[in-house]
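J.: Chain by chain, the residues run as shown.
Number of protein chains: 4
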Amino acid sequence: MASSGAINTVGIIHNPHIEAAAPLAVKIAQAVRHRGAEVWMAQEVDNPEIAHLVAQTDLLVTIGGDGSILRAAHSTAGCTAMILGVNLGRIGFLTETEPDGWEQTLSRVLDGDYWVEERMMLQAEVRRGAETLAQGNALNDVVVGKGAHARAVHLQVRADGDLLAAYVADGLIVATPTGSTAYALAAGGPIMPPQQRNILLVPVAPHLSLNRPVVLADGVQVQVIVGRRTPATLILDGDVVAELAAGDVVCVGASSCTARFARVRERDYFYRTLMARLAPKE
Amino acid sequence: MASSGAINTVGIIHNPHIEAAAPLAVKIAQAVRHRGAEVWMAQEVDNPEIAHLVAQTDLLVTIGGDGSILRAAHSTAGCTAMILGVNLGRIGFLTETEPDGWEQTLSRVLDGDYWVEERMMLQAEVRRGAETLAQGNALNDVVVGKGAHARAVHLQVRADGDLLAAYVADGLIVATPTGSTAYALAAGGPIMPPQQRNILLVPVAPHLSLNRPVVLADGVQVQVIVGRRTPATLILDGDVVAELAAGDVVCVGASSCTARFARVRERDYFYRTLMARLAPKE
Amino acid sequence: MASSGAINTVGIIHNPHIEAAAPLAVKIAQAVRHRGAEVWMAQEVDNPEIAHLVAQTDLLVTIGGDGSILRAAHSTAGCTAMILGVNLGRIGFLTETEPDGWEQTLSRVLDGDYWVEERMMLQAEVRRGAETLAQGNALNDVVVGKGAHARAVHLQVRADGDLLAAYVADGLIVATPTGSTAYALAAGGPIMPPQQRNILLVPVAPHLSLNRPVVLADGVQVQVIVGRRTPATLILDGDVVAELAAGDVVCVGASSCTARFARVRERDYFYRTLMARLAPKE
Amino acid sequence: MASSGAINTVGIIHNPHIEAAAPLAVKIAQAVRHRGAEVWMAQEVDNPEIAHLVAQTDLLVTIGGDGSILRAAHSTAGCTAMILGVNLGRIGFLTETEPDGWEQTLSRVLDGDYWVEERMMLQAEVRRGAETLAQGNALNDVVVGKGAHARAVHLQVRADGDLLAAYVADGLIVATPTGSTAYALAAGGPIMPPQQRNILLVPVAPHLSLNRPVVLADGVQVQVIVGRRTPATLILDGDVVAELAAGDVVCVGASSCTARFARVRERDYFYRTLMARLAPKE
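Chains as they are written, first to last, in numbering that gives the first Met the number 0: chain A, 0 to 281; chain B, 0 to 281; chain C, 0 to 281; chain D, 0 to 281.
In short, the hints are calculated from the structure, not lab data. Any given hint might turn out to be false.
[Stated by the list, open to error] Chain D residues, not near chain C, derived (Cβ > 12 Å throughout):
| hint | residue |
| --- | --- |
| 1 | W101 |
| 2 | V263 |
| 3 | R266 |
[What the hints assert, rightly or not] Here are the simulated distance ranges between beta carbons:
| hint | chain 1 | residue 1 | chain 2 | residue 2 | range |
| --- | --- | --- | --- | --- | --- |
| 4 | A | G128 | B | A245 | 40 to 48 Å |
| 5 | B | A245 | A | Q134 | 33 to 41 Å |
| 6 | C | A50 | B | T272 | 46 to 54 Å |
| 7 | C | L162 | D | Q29 | 41 to 49 Å |
| 8 | A | A21 | B | E124 | 40 to 48 Å |
| 9 | A | L162 | C | K26 | 29 to 37 Å |
| 10 | C | E117 | A | Y268 | 28 to 36 Å |
| 11 | A | Y268 | D | E48 | 55 to 63 Å |
| 12 | C | A50 | D | Q155 | 52 to 60 Å |
| 13 | C | A129 | D | P47 | 49 to 57 Å |
| 14 | C | A50 | A | R89 | 52 to 60 Å |
| 15 | A | A21 | C | S255 | 50 to 58 Å |
Positions of the beta carbon are idealized from the N, C-alpha and C atoms, including for glycine.
One chain only, chain A, in its complex shape (with noise of 0.2 Å):
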């Protein structure tokens, strides 16, 4: 069971979609075994018997992409266990190492030699009428978007019930300061270091509406409310959850669970990614 700092348990998810995954997941569980903790080894997949394991699980290791650790975020709400994500992946925002460093890595994170990082999430939640259709977490961003072939979507945005905006819109994205680096800054949002707490709408392609991200406290409470030119698609940290209709209400707020990340890089990492991916070449 999780304790302060000591990792008893450690619990491996490995990504089945990449080759690479399942042998390295072998030799890290190996590796584990051999420093005298617990181990399980697991494929990502949603299934009750995981999340019952994670509970009891100190340490959470995946081997993927961002992907991945979006999905073992939103395992891992609500419980103590730490991640520490070794990058398989396109881009890495997330991960903690490269595939060639997880030796280093790990043996820093057993011998206590880490700092944990913890990452605001939000909280989703559709509304019909008196119904709650859909819930969940995201670590990223909470995105109501137009559906299949549709133009655009109109959608009115409420922060603590007073009207913020109304938009026109391929869609809206509602992101946390993790989100900030990933599809809010693709649609023109600005950068959030991610220790921070703040929520940050960014609408994607908004015609004739207000076309500026805006930046609200953790605590403000936002309602996307859906208009006409349905069909809209509420999607948390990049998976499909709710199909749309007019009339329905998308509540987002910060959520009552973090992520939280165990480090061994320095504390300034975040720049230095920064610096390394977002500023081009002289």
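Since chain A is already given, all that's left is putting chains B, C and D on it; use the hints.
T.: Then chains B, C and D, alone, in the frame of chain A:
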């Protein structure tokens, strides 16, 4: 048949989804007959009979919004028929008159007191290996976008054969100057006067890709090559015309056809509309 | 002297460059005296006598535009005086009433029927080696910009000591949420509700540098280090306060002072103004 | 004298502020003489003698950065001399070779194994009433900007006499396609291949004004009229050429002169450079 200036045959196309359109069509038809010209009326339907009528028509009056004009432009491509739009829609960048001004506008056109505005169109063709999957003209834009539920498409763009850019994005808009105030504007593109001849490329939500619009000369042949992470979708002027697979090539260039508009407003009307619509209120 | 709620002393500051300001000041002074409160009047001049008066004042009425409010905010920093702005300027994001509404607004404030809005300010300090060249507060923004005729400045930015970005640009804006709708908006920054506490970095015309705004928590200490290609200039709320040389460091952080505004409008006034000013007309 | 293709006279212009430029000029001069062509060398100085020399020159080799090329383009405007740039500067969008490749590049040009790239230039003229205050050519851009310390300029822009937009901004850039990757890019403009002929308008930090770039046909005459809140400044290719007052009109149109570059790289070099410079690293 169409001869220079003299308007002998008028077609009236009314949008079946707008209640006020059919009664207005009847009134306009009466006014045209009263002036001694031939007139035919139709709802917006693609059928070969109408294509035949359009080829014999001097002036095509559309009753609806910008969407009605776009469909009229497709049907008149390659013909001499001029378009005159009566606005019953939301925005009306393309229409010539609001409903209460139709009598005066129509009267001036039938008197020969008008000028003709020619606007360039795009010609698009999808190639899968040796096969041509689909083709068509567009007055606003050719869009290669992500299909339903996909997060992003991977696209490679060539200009006259040279690799111009690789995009990971929600989509890529290839637009005419007319389209520069439509979807391309929403996606962050520059504005171009509609009489101009240029080809505009605007990515939608590009992620860690070239994120600037590119303006090309109208003689350039653009190729958009679909990469992995299909499905992608080909959209001409807002209508889905093909589902695309990895390796498909969308070839886009200036069409030999133009859209011809009968105008009674001053020749600077575009800038006036621009100022009125796009400059924020103080 | 200022006590909670009760308004015993009112200062009136009028802009000497607006003809209508002085006569309006006289009328407002009469109304205040009629209500039994002490009143003093002054043109906008920096002199020690006024600083002394402001310290003894409960309410400072400004007659002018947003510039008058900014100067009032500087003079009340560290005092309990609230600001109430009557708009005789062009935009008026900060003022509380248009000229024709002053009587009702003032009357409600003197009746105690108002709420107090506190807005964060920035504190800036220029260091050249061990020396402090200049310092001051800003309600909108601290700008390090190119001087006259220079093409660009080279700047390095550190956040709590970590290198965040290097810019070649016309300048860098460090703004408060209040400033997010001023110069920072013009330079492409996001919008933040003014009651919020965040620090916003927006480069102006960055050339092959990080070109996204960055939003930081209000506790972060920002350092802007001037590189070669001087001269650079330090501007606080629109006023040039220092000429900067290579190696100079501008330290910016949240000020311990806030600007306090007396408000009679609804608490959602910011969003209403935003919608009215920034959303394009359809 | 310049005849088609044959290069009999070569001028070498070296930047006096770059230490390595003069020795390299000497080496290049030797190589040219060895090939039997006439050669002259000069520092970058505007003097009538050099203008006279340039008129007799077939190839002008510049040793410096893009700034050296811009000055060379001004001096060759109206002549047949081609420009060949050796890059000793920071960026080098305009230069043809890095220092270590000069021998091969020069040799190919002297062998006639090159192509000529013609790039459009702008012609600008300032009118104050009936008087012409200043005029000149620009290869990159004509900028009407705020002078020292001013916050913003108020500008009105006309296109062929029609009011296009009114700006309150740091400045307005009128750029060629060549300039689209220079200051205009920093200010948010689109990219245009340099062989194209278009006029690009990009406001710098526009405040509550039209904030989109506008692309015009190359035949359009642009007028920029200076409003209140002077002083404004006229800058051609980065050099201040006039201080402007309220009411001054800056007339800008395509110049009858072009800049002619001798190129040995492939004709798609522009896109290759674009990809290498502007696409972020993954």
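J.: Give a verdict on every hint.
T.: The hints, checked one at a time:
Residue-level check passed: D:W101 sits 25 Å from the nearest beta carbon of chain C, beyond 12 Å. Annotated as non-interface, D:V263 keeps its C-beta farther than 12 Å from every C-beta of chain C; the closest such distance is 25 Å. Interface exclusion of D:R266 from chain C stands, the closest Cβ pair being 24 Å apart, more than 12 Å. For the pair A:G128 and B:A245, the supplied restraint of 40 to 48 Å holds, since their beta-carbon distance comes to about 42 Å.
Between B:A245 and A:Q134, the C-beta spacing of about 35 Å keeps the proposed range 33 to 41 Å intact. Between C:A50 and B:T272 the C-beta distance comes to about 52 Å, which sits within the given range of 46 to 54 Å. Against the hinted window of 41 to 49 Å, the Cβ-Cβ separation of C:L162 and D:Q29 comes to about 45 Å, which satisfies the hint. At about 44 Å, the CB distance of A:A21 to B:E124 agrees with the hint of 40 to 48 Å.
The hinted window of 29 to 37 Å between A:L162 and C:K26 holds, with their beta carbons roughly 35 Å apart. Checked against the hint of 28 to 36 Å, the pair C:E117 and A:Y268 passes, with Cβ atoms roughly 35 Å apart. Distance hint check for A:Y268 and D:E48: the Cβ-Cβ separation is about 58 Å, which falls inside the suggested range of 55 to 63 Å. At roughly 41 Å, the beta carbons of C:A50 and D:Q155 sit outside the given window of 52 to 60 Å.
Separated by about 52 Å at the C-beta atoms, C:A129 and D:P47 satisfy the suggested range of 49 to 57 Å. Range check, C:A50 to A:R89: Cβ separation about 59 Å, and the 52 to 60 Å hint holds. The beta-carbon spacing between A:A21 and C:S255, approximately 56 Å, falls within the hinted interval of 50 to 58 Å.
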